[in-house]
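There are 2 protein chains.
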Amino acid sequence: MKKISKHFLKDSYHIVDLKLCSVRLIDNSRFPWVILIPKRKKISDIFQLNKKDQSLLMDEIVHISKIMKKTFRAFNLNIEKIGNVVPQLHIHIVARRKKDITWPLSVWVIKKKSYSIVGLDKVIIKLKKNFIKNRKK
Amino acid sequence: MKKISKHFLKDSYHIVDLKLCSVRLIDNSRFPWVILIPKRKKISDIFQLNKKDQSLLMDEIVHISKIMKKTFRAFNLNIEKIGNVVPQLHIHIVARRKKDITWPLSVWVIKKKSYSIVGLDKVIIKLKKNFIKNRKK
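Chains as they are written, first to last, in the working numbering: chain A, 11 to 147; chain B, 11 to 147.
For reference, chain A alone in the conformation it holds in the complex (with noise of 0.2 Å):
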């Protein structure tokens, strides 16, 4: 996988590849979170994408955004894309719910917290099943 940036490798796990895109679970246990990484090189912005590639990431935006909504019961989702540190185009989405730790303020006010093996294994385990059943045509 060349065209993941080796910073996503290191703290984060996959999913998912679609289209364009390969879906990472972030290893925070306090925000169920996911990144979307298009899968094209030297792409830092949204704009850099080709139309084409710019309605794939919307639709596959839109798929995630559901699976994450109703996998983790969520009240609300942060979709951002930053990119301050890692350059490479990725998107965050988090599933925010009223009792997290945050809210409602952001996810980046509070230092990640890993899972715990079993919290992560769980954790993947439920969003393949529902990226499996949810599968994008």
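It should be emphasised that the hints constitute simulated quantities derived from the structure, not laboratory data.
Everything numeric in this text was worked out from a predicted model, so none of it was measured.
Don't take each hint at face value.
Since the list gives no way to pick out one identical chain from another, each pair is judged satisfied if it fits inside one copy or across any two copies.
Here are the simulated DMTMM-like cross-link-like pairs (lysine to aspartate or glutamate), alpha carbons at most 20 Å apart as the crow flies [stated by the list, open to error]:
(1) K79 to D55
(2) K123 to E70
(3) K76 to D55
(4) K121 to D55
(5) K108 to D55
(6) K139 to D110
(7) K61 to D110
(8) K109 to D69
(9) K51 to D27
(10) K138 to D27
(11) K49 to D27
(12) K80 to D55
Starting from the known structure of chain A, fit chain B onto it as the hints suggest.
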């Protein structure tokens, strides 16, 4: 402008209306920051927009991203759908610079600071000028 929540009206200023979104400057002098508000009723998530509006939203995000990047000579753009406090769907586009006050951290880790009257006028004029110059057909 009945379709725009009153929450936005008190701390942001109208810049331009596009086909789908109303674009407003956020009154925070720490960062050049606009929000895009789709002029649709009772929508709080991107996936609630119909397919045509999703596509329009992507087009307008791309259009405004380019203008924000150019107008403020941004090093990077943060593009975020949060909505934890104000549920009406809105997308933040923030021009980030390596010298800004929270770089490379999120804009959410610091409290806002309003523009001076002169500063506000200046940034509104600058933005409007660039929107007119790059008018979306």
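Checked hints:
In the homo-oligomer, the alpha carbons of K79 and D55 lie at most 20 Å apart only across protomers (11 Å), although the nearest pairing inside one protomer, at 25 Å, exceeds that limit. Proximity of K123 and E70 under a CA criterion of 20 Å is satisfied in neither setting, with 27 Å inside one chain copy and 36 Å between copies. Taking the closest pair of Cα atoms, K76 and D55 come within 20 Å of each other only across two copies (10 Å); inside a single copy the shortest separation is 24 Å, beyond that limit. Neither within a single protomer nor between protomers do K121 and D55 lie at most 20 Å apart by alpha-carbon distance, with minima of 25 Å and 26 Å respectively.
Proximity of K108 and D55 under a CA criterion of 20 Å is satisfied inter-copy only: 16 Å between copies versus 31 Å inside one chain copy. In this assembly of identical chains, the alpha carbons of K139 and D110 never lie at most 20 Å apart, being 24 Å within a copy and 42 Å across copies at closest. Neither within a single protomer nor between protomers do K61 and D110 lie at most 20 Å apart by alpha-carbon distance, with minima of 36 Å and 31 Å respectively. Taking CA atoms no more than 20 Å apart as the test, K109 paired with D69 passes in neither setting, with 29 Å inside one copy and 35 Å between copies.
Proximity of K51 to D27 under the C-alpha cut-off of 20 Å is restricted to the intra-copy arrangement: shortest distance 16 Å within a copy versus 34 Å between copies. Taking CA atoms no more than 20 Å apart as the test, K138 paired with D27 passes inside one copy only; the shortest distance there is 11 Å, against 41 Å between copies. Proximity of K49 to D27 under the C-alpha cut-off of 20 Å is restricted to the intra-copy arrangement: shortest distance 9 Å within a copy versus 33 Å between copies. With identical chains, the CA atoms of K80 and D55 are at most 20 Å apart between copies only, with a shortest distance of 13 Å across copies and 28 Å within one.
Violated hints, listed in ascending order, are 2, 4, 6, 7, 8; each of the other numbered hints is respected by the structure.
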